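Chains as they are written, first to last, in my numbering: chain D, 177 to 346; chain V, 177 to 346.
Any given hint could turn out to be false.
It does not matter which identical chain is meant; a pair holds if it fits inside one copy or across any two.
[Claimed, not checked] Mimicking DSBU-like on lysine-lysine, the simulated pairs with C-alpha atoms at most 30 Å apart in a straight line are:
1. Lys-286 - Lys-206
2. Lys-245 - Lys-191
3. Lys-180 - Lys-258
4. Lys-327 - Lys-286
5. Lys-206 - Lys-245
6. Lys-180 - Lys-256
7. Lys-206 - Lys-327
8. Lys-191 - Lys-334
9. Lys-206 - Lys-341
10. Lys-256 - Lys-206
11. Lys-286 - Lys-197
12. Lys-191 - Lys-256
13. Lys-256 - Lys-197
14. Lys-255 - Lys-206
15. Lys-286 - Lys-180
16. Lys-197 - Lys-258
17. Lys-255 - Lys-197
The hints are simulated quantities; they were obtained by calculation from the structure and are not laboratory data. This structure is a prediction, so every number in the text was calculated from the model and none was measured.
There are 2 protein chains.
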Amino acid sequence: MDLKSYIREVPDFPKPGIGFKDIMPLLQDKEAFRAAIDDLYEMVQGYDFDKIVAIESRGFILGGALANKMGVGFIPVRKKGKLPSEVISYTYQLEYGEDTLEMHEDSLVKGERVLILDDLLATGGTVSAAINMVSQLGASVVLVAFLIELKFLSGREKIKDYPIKSLIQF
Amino acid sequence: MDLKSYIREVPDFPKPGIGFKDIMPLLQDKEAFRAAIDDLYEMVQGYDFDKIVAIESRGFILGGALANKMGVGFIPVRKKGKLPSEVISYTYQLEYGEDTLEMHEDSLVKGERVLILDDLLATGGTVSAAINMVSQLGASVVLVAFLIELKFLSGREKIKDYPIKSLIQF
Chain D
177 MDLKSYIREV PDFPKPGIGF KDIMPLLQDK EAFRAAIDDL YEMVQGYDFD
227 KIVAIESRGF ILGGALANKM GVGFIPVRKK GKLPSEVISY TYQLEYGEDT
277 LEMHEDSLVK GERVLILDDL LATGGTVSAA INMVSQLGAS VVLVAFLIEL
327 KFLSGREKIK DYPIKSLIQF
Chain V
177 MDLKSYIREV PDFPKPGIGF KDIMPLLQDK EAFRAAIDDL YEMVQGYDFD
227 KIVAIESRGF ILGGALANKM GVGFIPVRKK GKLPSEVISY TYQLEYGEDT
277 LEMHEDSLVK GERVLILDDL LATGGTVSAA INMVSQLGAS VVLVAFLIEL
327 KFLSGREKIK DYPIKSLIQF
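All chains should be modelled from the sequences, with the hints used to inform the complete structure.
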């Protein structure tokens, strides 16, 4: 199935000059959504992990589906202030300003093996924050996986110490 | 499986006096997460729908998993400004202030049948907004489903024109 044809480019979002890759046409089509999760499932075969760490918000849709299909636990990385219990956090620089992500400090135990999943690899700032927090908790990242990779932004460079896979490339 | 025992109450979140029902212990346990999705799957049997409409952000985790398991499409209801293409919106009152939710206007077509899913039914304001937008798009709500229902807040009253089911009640 040509999943790429279900990704819609929306011009000038979130700001002028950016062509946003919108995965909603893929998610709302039952065959494309199922094929995408099946393909992600195949893509991560051979990697042994206990939990999927998924990044808010679109990563939650894919992460929930894949964790359920694989029979592993689901751990969210959320924006600051959203998780109710004790958290660890990581602040990283954006083009203008900064952003902070959080994880529950009891979400992983030392030695656990995790897959980090997000919908899109762009410059790699967000996923680097997730990797940093997983490491803070003493767990190890066995694979970093994406539905889409924007190769022209070279996000791989920022996370090159880890295995990386993506299903669709632009 | 006693899923209720996997819901953690966090006192004074998001503000003093509120006991927040945290579903993260359930999601991060592989057996509890799988059992919850299996039970939601059983709970919605007998309702005929084409798509699951899930509400940001925790609803995305459950909605992604359930839509994939059922082989139906996934449609997000998001906070204002997050969806890239043309949207419809609905603004509703909170205790202090108001909130606006959005859906893509091409996410549903007239006559489609949808399940609306969220993690928690509290006062019902958020899910009412979702129902309103689904109706604006000409689709019909065949069931409104929740992982958790806080019965003492009587949210059912606000959506009593629709079938409602919840897996865990407090």
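Evaluation of the provided hints:
| no. | hint | in the structure |
| --- | --- | --- |
| 1 | Lys-286 - Lys-206 | between (38 Å within a copy, 17 Å between copies) |
| 2 | Lys-245 - Lys-191 | neither (36 Å within a copy, 35 Å between copies) |
| 3 | Lys-180 - Lys-258 | between (32 Å within a copy, 22 Å between copies) |
| 4 | Lys-327 - Lys-286 | neither (33 Å within a copy, 38 Å between copies) |
| 5 | Lys-206 - Lys-245 | both (16 Å within a copy, 11 Å between copies) |
| 6 | Lys-180 - Lys-256 | between (32 Å within a copy, 27 Å between copies) |
| 7 | Lys-206 - Lys-327 | within (27 Å within a copy, 33 Å between copies) |
| 8 | Lys-191 - Lys-334 | within (24 Å within a copy, 37 Å between copies) |
| 9 | Lys-206 - Lys-341 | both (24 Å within a copy, 23 Å between copies) |
| 10 | Lys-256 - Lys-206 | between (33 Å within a copy, 25 Å between copies) |
| 11 | Lys-286 - Lys-197 | between (36 Å within a copy, 26 Å between copies) |
| 12 | Lys-191 - Lys-256 | both (23 Å within a copy, 15 Å between copies) |
| 13 | Lys-256 - Lys-197 | both (25 Å within a copy, 18 Å between copies) |
| 14 | Lys-255 - Lys-206 | both (29 Å within a copy, 24 Å between copies) |
| 15 | Lys-286 - Lys-180 | between (38 Å within a copy, 26 Å between copies) |
| 16 | Lys-197 - Lys-258 | both (26 Å within a copy, 13 Å between copies) |
| 17 | Lys-255 - Lys-197 | both (21 Å within a copy, 18 Å between copies) |
Checked against the numbered hints above, the structure violates hints 2 and 4; every other hint is satisfied.
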